[in-house]
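Student: Read top to bottom, the protein sequences are chains A and B. Heads up: the first sequence is residues 1 to 441, going by the numbering used here. Heads up: the second sequence is residues 1 to 458, going by the numbering used here.
Keep in mind that the hints are not guaranteed to be accurate.
[As the list claims (entries may be wrong)] Chain B stretches covered by chain A per the calculated footprint, using a threshold of three residues with CB under 8 Å from any CB of chain A:
#1 45-51
#2 60-66
#3 221-227
Please keep in mind that the hints were generated in silico from the structure rather than gathered at the bench. Using N, Cα and C, we set each Cβ at its ideal position, and we do this for glycine too.
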Amino acid sequence: MNSYERLLDRAKAAHGSAEVFGVTSERRHVEFEANRPKNIGQSQSSGIALRVINPNGRIGFSSTNDADKIDDLVDRVGALAEYGAEAAFEFPNATDYSAVDSFDHSVADLSDDEMLDFGRTAVDAILSEYPEALCSVDVNKSSGEQRLINSSGVDASQRQTNSGFFMGVELIRGTDMLSIWDGIVTAKPINQQDVNNIVAKLLRRLNDSQNIVESPSGKDLPVVFSPSGFTGTFLPPLLSGFNGKNVATGSSPLIDKWGEKMLDERISICDNPLHPMTPQAHGVDDEGVPSRRLDLVRNGTIGGPFHDLQTAGETGTTSTGCGLRGVATTPSPSTSYVMMAGGETPNSEIFDGVKQGVLVEQLLGAGQGNELGGDFRANLSLGFLIENGEIVGRVKNTMISGNVYEALNNVELIGSDPEPVFGTRVVPWVRTRGVEVATAS
Amino acid sequence: MSYRAQIEDALVGHAADYCEIRIEESDSTRLTYRGRTLDDINMTSAKGGAVRVCVNGSWGFASFNELADLKSRVGDAVEQARSLASGNKGETTMLAEVEPHVDIVDPHIVKDPREIPLKEKIRLADHYNDIVWSEPGIVSSDIIYGDNSRKVAFGNSDGTYVEQEVVHAISRISAQAREGSDVQQAGFSIGALGDYGVFEDLDDDVAEAAQRAVGLLKAEPLTGGQRTVILDPILAGVFVHEAFGHLSEADNVYENEKLKELMYMGRNFGGKHLNFTDGAATPGMRGSYKYDDEGTAATVTPLVREGVLVGRLHSRETAAKTDEAPTGNARAISYRFPPIVRMTNTFIENGDATFDDLLEGVDEGVYVKNWYGGMTQHEMFTFSSGEAYMIRNGEVQEAVRPVMLSGNLFETLENVDAIANDREVNQGGGCGKGGQIPLPVANGSPHIRIRNCLISGA
Chain A
1 MNSYERLLDR AKAAHGSAEV FGVTSERRHV EFEANRPKNI GQSQSSGIAL RVINPNGRIG
61 FSSTNDADKI DDLVDRVGAL AEYGAEAAFE FPNATDYSAV DSFDHSVADL SDDEMLDFGR
121 TAVDAILSEY PEALCSVDVN KSSGEQRLIN SSGVDASQRQ TNSGFFMGVE LIRGTDMLSI
181 WDGIVTAKPI NQQDVNNIVA KLLRRLNDSQ NIVESPSGKD LPVVFSPSGF TGTFLPPLLS
241 GFNGKNVATG SSPLIDKWGE KMLDERISIC DNPLHPMTPQ AHGVDDEGVP SRRLDLVRNG
301 TIGGPFHDLQ TAGETGTTST GCGLRGVATT PSPSTSYVMM AGGETPNSEI FDGVKQGVLV
361 EQLLGAGQGN ELGGDFRANL SLGFLIENGE IVGRVKNTMI SGNVYEALNN VELIGSDPEP
421 VFGTRVVPWV RTRGVEVATA S
Chain B
1 MSYRAQIEDA LVGHAADYCE IRIEESDSTR LTYRGRTLDD INMTSAKGGA VRVCVNGSWG
61 FASFNELADL KSRVGDAVEQ ARSLASGNKG ETTMLAEVEP HVDIVDPHIV KDPREIPLKE
121 KIRLADHYND IVWSEPGIVS SDIIYGDNSR KVAFGNSDGT YVEQEVVHAI SRISAQAREG
181 SDVQQAGFSI GALGDYGVFE DLDDDVAEAA QRAVGLLKAE PLTGGQRTVI LDPILAGVFV
241 HEAFGHLSEA DNVYENEKLK ELMYMGRNFG GKHLNFTDGA ATPGMRGSYK YDDEGTAATV
301 TPLVREGVLV GRLHSRETAA KTDEAPTGNA RAISYRFPPI VRMTNTFIEN GDATFDDLLE
361 GVDEGVYVKN WYGGMTQHEM FTFSSGEAYM IRNGEVQEAV RPVMLSGNLF ETLENVDAIA
421 NDREVNQGGG CGKGGQIPLP VANGSPHIRI RNCLISGA
């Protein structure tokens, strides 16, 4: 890859300090539509990005995936740097990184036939209980390599494999359409057990959906969030407050709250890019800063923000190693593997004592509201009525809304055994109040 | 070798029932402001290709940005599709017949954003940012300006070869106000096909957005429940896109017998004032083009006339499999994706009421304007307003916190009880489906009134 060094040398000569980031990746997937194999696809992609800090301290950035245009990048970033943001950082020096397992050779060995078989067994398992169901499946594998070099001596290469299994099931009865989905992504090759676990989760939700019942409404109902419901409802508005960009601009509601207890004391949430064999595991971020486990919330107390180099510099601190990017964009502060600690209640007892409440599993339209302020609101695309500690049926035309800081201060119970959500989050079951439930009569 | 020669050469002897090849070049410029300063300027150029083949009803697809040896890409895709087809006995390739075209289509240009110097784009964005910040109480701003051009050379085994180029300009401007831990934001999104002018002369809109953000800190939240709502043309455009448009996309229906039974031609969805249309052949909008990404000529498709389902949107495959006419709605956001059935420019046609007529019938309700977003899952949909105001006794009164609205296709359209005659078009949105986002689309509508619409608390 001497094109990297050549580009860096030219950029350094022209602009002072510089950084070259490039990726190559390959992906292959099979897709089932309406219970049958339908598409098989593959993609190959590569690209290279150049970022410089010019002598006036301004940032220039550009990228291309066209080999013929790589040489143009040096002049182009120079022109852009004239107007670029003022750099609040210098490119970091070379340092030692933790080696984190993120690559498994055997992912490459997953054959089309094996991927098709995973799909077929899953479709057959659903159809054997729900013959009228329509299943869609995506089974995929990918591998990628990235390399970062900068004019301060960083030369960090990382490899990543991923494989995933994603399944959706549709069931139409009259004008009622039920649509549920689940999936997993991992750095390892997916296996039959992974597929069986997803199928079991889907079947549980299908079984619970057989009766449609009226949802109660109000502001003081016990509302249970499954790990996927919790992830969809609370994590986006919560994490936006910790995002270094929102902290640097002053729009995070947390800017004067670090170290304060704002959530229930049983809540602890961290981001851990070092967790091995997860879909985005890495020992160094995409700017050359060592990655580390970062406590966002500890026993209800707000820790600190996650930063990249620029947002850290703007707020007078150091990067937390959270500068991630694709090849066509500049780095921005990002989480990798968010883990929330379990509580004391066995998962099987999370509904105990609920006279009447709602279970939130899947949302439609989350993220359209004022997330920055911690607000959430969504339609329940999959929600259930709980009565006397049991799921009694599915609720429809029901919306939830509230504020994450309020809802997570009114927690009743936290399940003891967190569960993976799409392979990138690990979250427990949570029962809370302080969520408004509205419903159409 | 020209793209045409490369594509035609690679198509020779392809050994599939159908084969298509796209080669694409794109360039984009994007300015991102966060807070007081220009946070990011990004200029990216990309080039890549895609091959898609069909063998006995099974599809093989490959995308790549190394364009050498297209012929072996075709061979790989055919081999994949074959192996898939071997496990799919009894299927055949069904694609609606379309007339082959050979054409070169120049971009629709009003004021070419590529000819505006970067310096001028930055000057104008700086100016808008200054306006946002001149409003007391503003703590942050987000301004995005972007333009891009995409040039696609497309050829298929039916003899079509088309080169098309499109140029888009978009902008989103939002302001944030804060009081303690209460953060509120207000803003707007705009876009245009081939016209930088959409980004000019926005001073009043920007100032108003900043004032609204500050005003929202004082606005009361509503309690969730069912209410009478009047949607402004922008939000009503999002409504028709979410509530009806997605279920008009035939790929949802063609292999789904149950859904076909629900979405049959001739089904009544509501009053005679309901008239919905989609079409890329309507010129000059962000969803406009001459040929779709399968080389099919664009059309204008009536979806609903006088409350009755009369049409839906197709690719060549969904048209053949439902025995309906192709509509030219197969779109791919880039060479990295196969074309799928998408909306283009989607409208609710004018009714005969006025906005005042709509207000007159409302003792208490909510006037919802502007959009934040929307999503559909089959018959269920949600969409969010950027602004909301109480209506009492037929008068628009104080601002309340923006709300999310939710509904069900089979009930909500029945509850649309009045449609005004003041249609406007919103071109600031991008549609997402199957991971392909943001696809340029336009939505439009007059003001509409919905009774018993479920809204969330705020």
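Student: Each hint should be assessed against the structure and marked as holding or not.
Tutor: Hint check:
no., hint, verdict
1, 45-51, "holds (count 4)"
2, 60-66, "holds (count 7)"
3, 221-227, "holds (count 4)"
Consistency note: the structure conflicts with none of the earlier hints.
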